[in-house]
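These protein sequences, in sequence, are chains A and B.
All the letters of the first sequence, read from the start, carry residue numbers 1 to 237 under the UniProt record's numbering.
All the letters of the second sequence, read from the start, carry residue numbers 1 to 237 under the UniProt record's numbering.
Covered by chain A, according to a simulated footprint, are these stretches of chain B (three or more residues, beta-carbon under 8 Å):
hint, region
1, 48–58
2, 62–68
3, 72–85
The calculated EDC-like cross-link candidates involving lysine to aspartate or glutamate, where the alpha carbons are at most 20 Å apart (straight line), are:
hint, chain 1, residue 1, chain 2, residue 2
4, B, K30, A, E100
5, A, K219, B, E118
6, A, K142, A, E131
7, A, K30, A, D77
8, B, K30, B, D77
9, A, K219, A, E197
10, A, K142, A, E197
11, A, K219, B, E215
12, A, K219, A, E118
13, B, K219, B, E122
14, A, K30, B, E100
15, B, K142, B, D204
16, B, K142, B, E131
17, B, K219, A, E118
18, A, K142, A, D204
19, B, K30, B, E40
20, B, K219, B, E118
21, B, K219, A, E215
Think of the hints as simulated: they come from the structure by calculation, not from any bench.
Cβ atoms here follow ideal geometry from the backbone N, Cα and C, with glycine treated the same way.
Next come the chains, spelled out residue by residue.
There are 2 protein chains.
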Amino acid sequence: MSLPNKRGARMRRSTAAGQIKELILTQRLKPGDALPTEAELCETLDVSRSSVREAIRTLSTLDIVDVRHGHGTFVGDMSLDPLVETLVFRGALSSDGSLEALREVVEVRLALDFALAELVVEGARRHHVEELHVLVDEMNAKAARGEYFLEADRTFHTLLYSATDNQLAEQLVGAFWDVHTAVAPHLGSASPSEMRETAQCHADMLAAVLRGDVEAYRKSVVEHYRPIQRMLEAAPR
Amino acid sequence: MSLPNKRGARMRRSTAAGQIKELILTQRLKPGDALPTEAELCETLDVSRSSVREAIRTLSTLDIVDVRHGHGTFVGDMSLDPLVETLVFRGALSSDGSLEALREVVEVRLALDFALAELVVEGARRHHVEELHVLVDEMNAKAARGEYFLEADRTFHTLLYSATDNQLAEQLVGAFWDVHTAVAPHLGSASPSEMRETAQCHADMLAAVLRGDVEAYRKSVVEHYRPIQRMLEAAPR
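Please build the complete structure, drawing on both the sequences and the hints.
Shown next as structure tokens:
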């Protein structure tokens, strides 16, 4: 219940940041658009140079603006990078090691994959079949050689969500992937058979997408988290 | 795919922030613990005063540290406040007004509520029945008088998740509530009958929790989003 007050306090402390956000809104700027220079902002907002600098730094940390040194300041992507940074650090900090944080991330990822299955299957089927095939082939080939395939795995899941018409879900899945990737090394490595199992689960997910079979997709998604869930259970608490 | 590089660049730019995070980890500090003073940090990390200040500001924006003016700097709560701030602003900025952002938030909330129903019912049943009853009574009473009950509504959902043993899910639901609350005013107001309907859905959710009936809980959760989904559909694009 304390969130709104705390955030309120933060906004009052950094009114220059609030003013810059207001300016972005009223001038209808979009991600990538240039902001006025520091000097212009001082003038327009009637605040000191150091206030503007502090505000820009705050907004840059939140990815609301993007400072490109030597080029100026632009409206940012408003990605979930700040969320990732906080979650990864919270994971590293948690008293029982980072595995508790990874368990929570896996649980939330599973929840999203399960509940949004219909949107994912529908969208992926129409837009990304070719690319998903290429990725599954890559995962199978790498698993057969005993090589990791994190990058292909991530691209596979990102693609699945990119056609859902829900940017928030897509970005959350990406953010959780980043947390997952950062924390997973503490888990120990997957065995060759687990790697092949995981690659096969992706093939099953794709097959379900091709058939437009939402229930089969849900089943293969659940299966696909089994190896990591087993590793989490086996890890020392 | 561009996230890791961008974040990498950000971390390289702010190595003092990285060093402070490292210090929190190695000294096993917990949220609420005091950090060394600015002067001590300069000394320990061998960086300039302005670098320390900039780093503290960055970490404060991410809620990794908490600056209490006149009292010092402490390890922060690592809440999802920064996520909320970015999402609310992104919502306000989106080209088709903020309603698209609210639709996405409702979809993700529904996904979490649906997929985590088992954990929620199990936990709430054991720990929060009394408080949930009080909140449902409050919602019913207010709806009958035509008054809003956002605060009770939020507390209801937060309580449901607080016993799930998944802090991330709990915080995400809280964060989405904040976004929801910030963006909802653009939607127009609920009718008295919609308010009574929403209050009744919470009563149904509680009844399902009491019976330990996960399927009935899922059904009433889905119902409970109907009024807002109708309002989103009716709103001009």
